[in-house]
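K.L.:
Residue numbers (our numbering), protein chains in the order written: chain R, 8 to 358; chain P, 8 to 358; chain Z, 8 to 358; chain B, 8 to 358.
If you are wondering where the hints come from, they were derived from the structure by calculation, not from laboratory data.
Any given hint might turn out to be false.
Note: identical chains are not told apart, hence a pair may lie in one copy or across any two.
[Claimed, not checked] In silico lysine-lysine, DSS-like type, Cα no more than 30 Å apart, as pairs:
1. LYS120 <-> LYS150
2. LYS120 <-> LYS71
3. LYS150 <-> LYS106
Protein chains: 4
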Amino acid sequence: MAGSTFGERLKMTTFGESHGVSVGVIVEGVTPGVELDEAYIQVQMDRRKPGQSSVTTPRKEYDKIRILSGVFEGRTTGTPLCIMLDNTDMIPSAYDDLKAMFRPGHADFTYEKKYGIRDYRGSGRASGRETAARVAAGAVARKLLERRGVSVLAYTTEIGGIRCETFDADAIDRNIVRACDAQAAVRMIEQVERLAAEGDSCGGIVECRIGGVEAGLGEPVFDKLDAELAKAMLSVGAIKGIEFGAGFQAASMRGSEHNDQMDAGGFLTNHAGGIVGGISTGSDIVFRVAVKPTSSISTAQRTVDADGREREISTIGRHDPCICPRIVPVIEAMACMVIEDHYKRQTALLD
Amino acid sequence: MAGSTFGERLKMTTFGESHGVSVGVIVEGVTPGVELDEAYIQVQMDRRKPGQSSVTTPRKEYDKIRILSGVFEGRTTGTPLCIMLDNTDMIPSAYDDLKAMFRPGHADFTYEKKYGIRDYRGSGRASGRETAARVAAGAVARKLLERRGVSVLAYTTEIGGIRCETFDADAIDRNIVRACDAQAAVRMIEQVERLAAEGDSCGGIVECRIGGVEAGLGEPVFDKLDAELAKAMLSVGAIKGIEFGAGFQAASMRGSEHNDQMDAGGFLTNHAGGIVGGISTGSDIVFRVAVKPTSSISTAQRTVDADGREREISTIGRHDPCICPRIVPVIEAMACMVIEDHYKRQTALLD
Amino acid sequence: MAGSTFGERLKMTTFGESHGVSVGVIVEGVTPGVELDEAYIQVQMDRRKPGQSSVTTPRKEYDKIRILSGVFEGRTTGTPLCIMLDNTDMIPSAYDDLKAMFRPGHADFTYEKKYGIRDYRGSGRASGRETAARVAAGAVARKLLERRGVSVLAYTTEIGGIRCETFDADAIDRNIVRACDAQAAVRMIEQVERLAAEGDSCGGIVECRIGGVEAGLGEPVFDKLDAELAKAMLSVGAIKGIEFGAGFQAASMRGSEHNDQMDAGGFLTNHAGGIVGGISTGSDIVFRVAVKPTSSISTAQRTVDADGREREISTIGRHDPCICPRIVPVIEAMACMVIEDHYKRQTALLD
Amino acid sequence: MAGSTFGERLKMTTFGESHGVSVGVIVEGVTPGVELDEAYIQVQMDRRKPGQSSVTTPRKEYDKIRILSGVFEGRTTGTPLCIMLDNTDMIPSAYDDLKAMFRPGHADFTYEKKYGIRDYRGSGRASGRETAARVAAGAVARKLLERRGVSVLAYTTEIGGIRCETFDADAIDRNIVRACDAQAAVRMIEQVERLAAEGDSCGGIVECRIGGVEAGLGEPVFDKLDAELAKAMLSVGAIKGIEFGAGFQAASMRGSEHNDQMDAGGFLTNHAGGIVGGISTGSDIVFRVAVKPTSSISTAQRTVDADGREREISTIGRHDPCICPRIVPVIEAMACMVIEDHYKRQTALLD
């Protein structure tokens, strides 16, 4: 592999730079005969697209996907789907200054060191734009999971130090930070707007809950279900940590507290986050990811250019002061890919 | 794949159940011509083996490895190494009671659900014993990394709520909990002994620091260096979370704080933990993992048997009341595998 | 995997049906910093495109490729290349009759059985059109091989029972059957035209010769260089056999004849076809493939429809009465992918 | 990968040199709950073991396998099986002369060039002994195929220019060359004995017939069933070619002859060899492989040593003058692995 492919039996391969012609994805291993159209996928694209809320620039006609293969007369054929998005609304000249400067927090420096050449317009391949392709693939996986009765739901639980106190599923898509607590959301939005006005940004925490997975899903040893979810999540640029169930809190718990005991009705607690020994327990699969503050800020920062000379940089342009709301559908997409892929591996084993 | 193989260019495949005949590993893709002997690997095995400290049962002659292939006249040949450990000192009858009961916190229930059959002696394939094979493979990777000047060091930073306040590399292998702070170690050991006496267990946090990796290592997009380290670490049964650099703390930082600025001498901070965009920055790679409290405790707990009847269970036997000290070499082994594998991928790309 | 991806370190994933919107390919693992433009790839596309010779319908503007990603300012960036071809000049209505009938020699029946659904326009995914995407990827590999001084040359050696008696490299692209013997080519063309006039088709043999590969390339055991070349070639729909060096003739040779002896100047013969134990010997790598006669013929044939009723079918339309000349660049493309991929694996091993 | 692993969902990884401590295999992805014991596997081992017929040296107690993991109380558990064979009856000193000489037809030269180091005792990793591990894994696959009603049968059809005229399945295991024609077998044996007496060897052709596979098995595009069988077969050191159905004869057939027409009862012919578009047709899968004459002969041959000096070599020792009878179970083993693996991929797709 060379980094742009994910999955074993349900597999996606993405391509495209943020300011190239297009970005897209090939999805392989899709069950044949399943009804699927562009509108179904577009719903998820619209949840991730830029400019969707009042706190960011309004734009239109963004991220319209096209299915180029693998669907015939409204149903999947079992052959690879290519889903394409054209890049529009680009102002490459805005990036001329960045040609030779490494933006703090961005992959400019590391890509330069790895490849010795880079597409300096936007963030090239390292841009969050690449995740649009993942959301398209994830929507295909979600379609397949629906047949199994599996649900995947992510939501913001913390932004800029403000935490959700309650969980209200209905609130999530009704507030522009996608928090699960409408009241906390109000304060989070204020916080984000204040930091944006100061030319700064903030991070947060997103939780994901996967329901409807019976006990027994997941591979042992290296390909544990939590290990693969961890890889999937850490493969999203802004994510710096993940924990399952009690997570880091487990470090200060006793075995007698942390162990999930059972009675005839099932597990009495879910400190494990729904996975033990890499295999699902039948409880909800629950994990949280740490989202770093957006790297692009207009506050002046110190950096160097390609020749090693010290420079000062402020990123002017349209950027999200907090990426949590737009990362939510990306988390869901990655989770959908992992879960559906593992179902397919499981049936292969038992066959 | 089917879960028991890890890596792309440097690859390991493990086998063996905790109470079967043997456990072992095949390591593929080893650079030919490198000096390697059993003694070099044994050093790491001895750091992981049971019964090594005064707080646990003394045993001897444990985990003596044998290299069955891939080494000729003291040097690697580039062909697969099979490294084998025989299982000894087993008391299978001790597990008769567990035949039909699911131990809380263990994978008994999930394996039963996945496979419909399981080797109920010990934890079968889900046992921590499987990680002995990983440590053997990791020692081979470490040998290859030495040639590159790369060092991999893990150590306990927290146990049962007690945290290290200082970092002293020399202290680590001089205290039986492998903590990086000798004074904290004393209190940690007291805590572990107290809980053990109560028939309980505790968790902790282990940090890993990888030095000597220049900027530019790692794959983009899905196979990011942090993503693969995350998968590697979460594939260890007792680990429930991972964070890089500032990690979960990043969620409450501002962009202007979290971004690692540069001057002519390099990065001024390392909140990223040495990886940006999935590629190494040249700073130390730093991550922490959450270790859950040992599941096997003698305190009575509620569970069910294979027929769904409610039962009470206490795990009698020899168990580590805190797994941190023995998980340290496992963390290092997995990190060695990931880093050496990525070096090999990188040279393939540039070729 | 799910069948549409090929290669380990240099990897291609193709998509697209013969009568869908587009076909294309993502090429991953390309060395960064290499000069590459669309014109270079187009040369190979033009060698494979339909309608290029007087014996087939003249068409124009075929198979113009576009590079959508992975190239920046005329050089590869090390990120995935997406290369796209739009499908044009389709007359889907011509295929209405085929909706429910299985054409002899085609994959209509087997795709129906595998997937339970199929894109019956043309041959969908099983069409030779898919190989256009391979030729595009192969051109990228060829570019990388040029840097190594490796040459890959395929040519027709037999068509419809007529064999080449001589080898003239210059002759190959000067005759429309791409034979290595200009005189034999004249008779081959007559033969093909005669069969075409009779509504029939014929097969042939294509040989491939790879020069400039030093001794030591290839993996041992399962991924032998000849094993992977065999897989690559048999993955082309019309190919029914492959042999290396003396090939099937080896079955009636003695060891003392077949063994390639050496003197100080190197190997005295090349019965092995340049590969021993799966690894290159430094002699030219030589293999031949058996190309079946084109399945689409206008002669009436017996078949059944989707309901199992007996039918008679004649394939009207534009088809190549012998596919050898157009399969030559496909063979070369697949060989280029295999060889460049193995170079990258080899450097990874030795690193 | 690094060459020693084969398969996707059912996977084997082999290790071991011909004169090392042991050879063995890990088989991953085995369906759990299937009855399996060592005796079942031993049957196939005994068909491949050396010294089994009157034309070769009698030996005993060869190739006794042990299952070290993955089977519990007589049934597979779904976890990796490690199957081990110890190397016995080795006379390493016999190989001292070969330390610095490259035997014609052997991989001594190519391994030296690839790795820069090699285990010169026997043929190290390139030895036919490695195929013993494959036969063990293949027996596990065969067990799984029995449940599906799939049969895999290979047999010699030609040795030293003598061809079978009839097909008698019962004859195969009753003659020591495993030919499908008892009368031809008599002449084959005479031929082999004559060549052996002359210090020479001969090649042959082995055919394989797979019955009971319904239409629809196989992956499209690159992982075609015939492509993967071709790779599997060419990965066996002595095999230099493969053809399916009409094979190389297809090169001189017309489309109207080669196309397999259908009536209500199914296909009227099987020129395709049971695979079209990479997917099974429901007819028997039929292919033939070209087996080269054994490279080890006592006739003097020209070669060079590691310093490039010209030398003369005659291989003294115990060698098979024709490898066909012992390659038959290896062909079957590889075919079993490919077919069972594809069944598992197919169920994953449809799930």
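K.L.:
Identify every previously stated hint that the structure contradicts and give their numbers, smallest first.
P.N.:
2
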